[in-house]
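Participant: Residue strings, one per chain:
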Amino acid sequence: MSIRSGDVVLFVSTKKGLWILRSDAARRDWALQGPIHLGHIVNHTVLDPRDGRTLLAAARTGHLGPTIFRSTDLGKSWEESTRPPAFPKGEGPPDDTPPPQGRNAFNRPRHLRVVDYTFQLVPGHPSEPGVWYAGTSPEGLFRSEDAGATWEPIHGFNDCEWAGVPSDEPGTPDGDMLHSVLIDPRDPTHLYVAMSANAGGVFESNDRGATWRPLNGGQAADFAPPDPDRVAGFDPHCVQLHPEAPDVLWQQNHCGIYRLVRPGETWDRVGDHMPRDVGDIGFPISLHPRDADTAWVFPMDGTDVWPRISPGGRPAVYVTRDAGRNWTRCANGLPADQAWYTVLRQAMTTDRHEPLGVYFGATCGEIWGSVDEGATWSCLASHLPFTLAVEYAEVG
Amino acid sequence: MKVWIPQPLLSYTGRQTEVEAQGASLDEVLRDLDRQFPGIRFRIVNEQDQLRRHVKFFVNREQVRSLEAPIGAGDEIHIFQSLSGG
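Line order of the protein sequences matches chains H and B. When you line the first sequence up against the numbering used here, it's residues 19 to 414, in that order. When you line the second sequence up against the numbering used here, it's residues 1437 to 1522, in that order.
Possibly wrong hints are sitting among the right ones.
[Said to hold, decoys possible] No more than 20 Å apart at the CA atoms, straight line, and that leaves these computed lysine to aspartate or glutamate pairs for EDC-like:
(1) B:K1438 - B:D1470
(2) H:K107 - B:E1512
(3) B:K1492 - B:E1512
(4) H:K107 - B:D1485
(5) H:K34 - H:E109
(6) H:K33 - H:E283
(7) H:K94 - H:D69
(8) B:K1438 - B:E1464
(9) H:K107 - H:E170
(10) H:K107 - B:E1483
(11) H:K34 - H:E170
(12) B:K1438 - B:E1504
(13) H:K107 - B:E1504
(14) H:K107 - B:D1463
(15) H:K107 - B:E1498
(16) B:K1492 - B:E1454
(17) B:K1438 - B:E1483
(18) B:K1438 - B:E1456
[Stated by the list, open to error] Interface residues of chain H toward chain B, partial, derived using beta-carbon atoms under 8 Å:
(19) P102
(20) G108
(21) R204
(22) Y359
(23) V413
[Unchecked claim] In silico negatives: residues of chain B with every beta carbon more than 12 Å from chain H:
(24) D1470
(25) R1477
(26) E1483
(27) H1490
(28) G1521
(29) G1522
To be clear, the hints were calculated from the coordinates, so they are not data collected in a lab. Glycine included, C-beta positions come from ideal geometry on N, C-alpha and C.
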């Protein structure tokens, strides 16, 4: 693999390995490289923007335990974390339940949790070089202080009352997970996490993860009986914090699109302004890095038995430029009909150019890009495996 | 003793299919393998010291299911990975 200075890059993590799309600032022509880690389920690949050289990739296979691949030379060579994210070895009664069958450890005693896979990798605050965070399935939060070589559990989260709550039934198809780790750019001790889990929701820490509090007011939980006192048990799918206006958070939830302005505590369901025939259900949400009122979503069909594909077989991105009061369909160039894919929660992203580029990877293995903020789309790559994540990076 | 390494783990052993390891139990043998080939153990044994689901261990062609299984100096250990799914 050769990534060069000046490249703009999309890291495409898939169910069968990692691919890389390279271009230049014009973003007209893209070259596909790969596969890397062929055969591994690569959940997320991220370049450290602080050093511009360290790449981490969260991987597993269907039959080997999870690992973190590391490169410190922009992907020319890879090694593995010597201590990947793992829960502590438990003390207490033995686990007599049979091993989980391809999902995480539902009904496994809390002290015997096992990391099934690492889902999200997040570089730490710019003032903390070498620090990374990882969110796992089942839901766990981990921290590395050596650029991903070794990982330690954040006990303040993993042992809090909302994490690892056992269930007598399996969770989501890919297992309960901590999928969003957000760091306040003004304060490295101020963190948010979000998880789809038995006691899921958004949680906030002001002490670098030692203690947590729920931040779930205003969200719907249509899958549970009404409970005005509910503080957890919600299902955010993807939560984003605006990098230049970090009091603004957005989320695509199992039950709608929401926006929250701190110090507010109540999420506003701005997805109510989406077209009724499309709805506001989906997985990803991406923000404009210079405009806290602009966000893109990729709706899926959440009606009837929840087909979870593009509504009507007509894929479309929707954008709001006024904090969710109005939404505009962005489908010029996308298939007009009979296209039944969707986009998962880590598979849509933006770049930092002017005008902004927006990209998504579909479950059908197509990568789509727009260099005019969603007005027109072109297919950058096709025939790739089921796409799990797309991340953008600029190589200095 | 000799340990046979399955194909999915050959990236750890420099493509060696047969390696030498020491230990009086399966656990000790796997820890010795991990000293020689860092990272190999966590991919076949989880953090609760349970053998991962798709891994099978045979000592002298008899399957063992416990890390505490005793191992003798002349024993032969085969590790297999059973694939499933698409």
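Participant: Hint by hint, note whether the structure agrees.
Facilitator: Here is how each hint holds up against the structure:
no. : hint              : result
1   : B:K1438 - B:D1470 : holds (15 Å)
2   : H:K107 - B:E1512  : violated (29 Å)
3   : B:K1492 - B:E1512 : holds (14 Å)
4   : H:K107 - B:D1485  : holds (8 Å)
5   : H:K34 - H:E109    : violated (36 Å)
6   : H:K33 - H:E283    : violated (37 Å)
7   : H:K94 - H:D69     : holds (16 Å)
8   : B:K1438 - B:E1464 : holds (14 Å)
9   : H:K107 - H:E170   : holds (12 Å)
10  : H:K107 - B:E1483  : holds (6 Å)
11  : H:K34 - H:E170    : violated (27 Å)
12  : B:K1438 - B:E1504 : holds (18 Å)
13  : H:K107 - B:E1504  : holds (16 Å)
14  : H:K107 - B:D1463  : holds (15 Å)
15  : H:K107 - B:E1498  : violated (28 Å)
16  : B:K1492 - B:E1454 : holds (16 Å)
17  : B:K1438 - B:E1483 : violated (25 Å)
18  : B:K1438 - B:E1456 : holds (5 Å)
19  : P102              : holds (6 Å)
20  : G108              : holds (6 Å)
21  : R204              : violated (35 Å)
22  : Y359              : violated (18 Å)
23  : V413              : violated (27 Å)
24  : D1470             : violated (10 Å)
25  : R1477             : violated (9 Å)
26  : E1483             : violated (4 Å)
27  : H1490             : violated (4 Å)
28  : G1521             : violated (5 Å)
29  : G1522             : violated (9 Å)
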